[in-house]
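J.: Sequence:
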Amino acid sequence: MKELSGKKLAAEIKAALIKEVKELKAQTGAAPHLIVLQYGEDAASKAYAGRIEKNCEAIGIEFEYQQFIDQPEKFKARLKEANEDDQITSIMVQQPLPAELKDSLEMINPQKDIEGITSASLGKLFVGLETLNPATAEACMEILDYYDIPIKGQRAVVVGRSNIVGKPVSILLQQKHATVTMCHSRTRDLEWELKNADIVVAAVGRAEMIKGEMLNKDSIVIDVGTNFIEGKLLGDVDYDSAAEKVKAITPVPGGVGTVTNQVLMRNIVKSFKNLHKIK
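For the sequence shown, counting from 1, position 228 maps to 228 in the UniProt record's numbering; every step adds exactly one.
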């Protein structure tokens, strides 16, 4: 079994971004600028924003964070201002959001939508146009490419159908000419699908749901899961049993999540370049 660690790949992306941001600052006199807007007091969201801030600082990206509590109109007004502010080149709206603010995600300027979550961004992805792809889905593809794993003609099974991972990664795999099956909670025979897959992307959000006996010996497994159970980070795949069975697998932690962090930073740099019309 080969472990598909994301650490070296993430370090390479980070090093390239540090160099590129320095060059962009010299060329334009400005730096990429991210604003993160949070509504409510979700502790996990706030902690995630803190990790993003550290990544931004390491690369030279300007970072701004604002939190709103019981002020929906002020939240929307600040989002509108960020859209119109030329100095702010990237916007991230932290989730979860209350029902009355769900529509605010669609307010994000698609050119500043670094998470690729607006319908405009997802629509471009669907038809194969250049856009800022959801970072986790893009990270899955980066890992497959980094380890020279063939995709063309392969049977890929994606477990999970969210708009930020499952659906986007299935589209990206199709664009690379894989034959893709999307599975979910109502899939009739998940084990059959998995046993017949060359590539498995696990993005269902259930800790260690996929066991080694459900996979075949030639499977390449990309585990997107981030489940905290009793203080421990676990993937959607039971790593120990899968590692004894499959050809290669990403670890959790140290796999997809590590690369996702740097792909998100790259999206911030891309949005800056797009807004400044830099190729």
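In case anyone wonders, no lab produced these hints; they're calculated from the structure.
Just so it is clear, the structure is predicted and the values come from calculations on it, not from any experiment.
Do not rely on the hints blindly, as some may be mistaken.
[Stated by the list, open to error] Pairwise CB distance ranges, derived in the manner of DEER restraints:
| no. | residue 1 | residue 2 | range |
| --- | --- | --- | --- |
| 1 | D86 | S185 | 43 to 51 Å |
| 2 | Y146 | K277 | 28 to 36 Å |
| 3 | E41 | A77 | 38 to 46 Å |
| 4 | K7 | P150 | 34 to 42 Å |
| 5 | L105 | A26 | 29 to 37 Å |
| 6 | E244 | E57 | 18 to 26 Å |
| 7 | N83 | E12 | 18 to 26 Å |
| 8 | M107 | A15 | 17 to 25 Å |
| 9 | Q71 | E244 | 14 to 22 Å |
| 10 | K19 | A77 | 45 to 53 Å |
Just so it is clear, CB atoms sit at the ideal spot from N, CA and C, and this is done for glycine as well.
J.: Is the hinted range of 29 to 37 Å satisfied by the C-beta distance from L105 to A26?
T.: holds (34 Å)
J.: Confirm or reject the claim that K7 and P150 have a C-beta distance inside 34 to 42 Å.
T.: Violated - the Cβ-Cβ distance for K7 and P150, about 23 Å, lies outside 34 to 42 Å.
J.: Mind checking the hinted window 17 to 25 Å against the Cβ distance between M107 and A15?
T.: violated (35 Å)
J.: For the pair N83 and E12, does the Cβ-Cβ distance stay inside 18 to 26 Å?
T.: violated (33 Å)
J.: Please test the hint of 45 to 53 Å on the beta carbon pair from K19 and A77.
T.: violated (37 Å)
J.: May I ask you to test the hint 43 to 51 Å on the CB atoms belonging to D86 and S185?
T.: holds (44 Å)
J.: Please check whether E41 and A77 have a Cβ separation lying inside 38 to 46 Å.
T.: About 20 Å separates the Cβ atoms of E41 and A77, which means 38 to 46 Å is violated.
J.: Is the distance from the Cβ of Q71 to the Cβ of E244 consistent with 14 to 22 Å?
T.: Taking Cβ atoms as reference, Q71 and E244 lie about 52 Å apart, which means the hint is violated.
J.: Range first: 18 to 26 Å. Now tell me if the beta carbons of E244 and E57 are that far apart.
T.: 41 Å Cβ-Cβ, so the 18 to 26 Å window is violated.
J.: Is it true that the C-beta distance of Y146 to K277 lies inside 28 to 36 Å, as the hint says?
T.: 30 Å Cβ-Cβ, so the 28 to 36 Å window holds.
Checked against the numbered hints above, the structure breaks hints 3, 4, 6, 7, 8, 9 and 10 and satisfies the rest.
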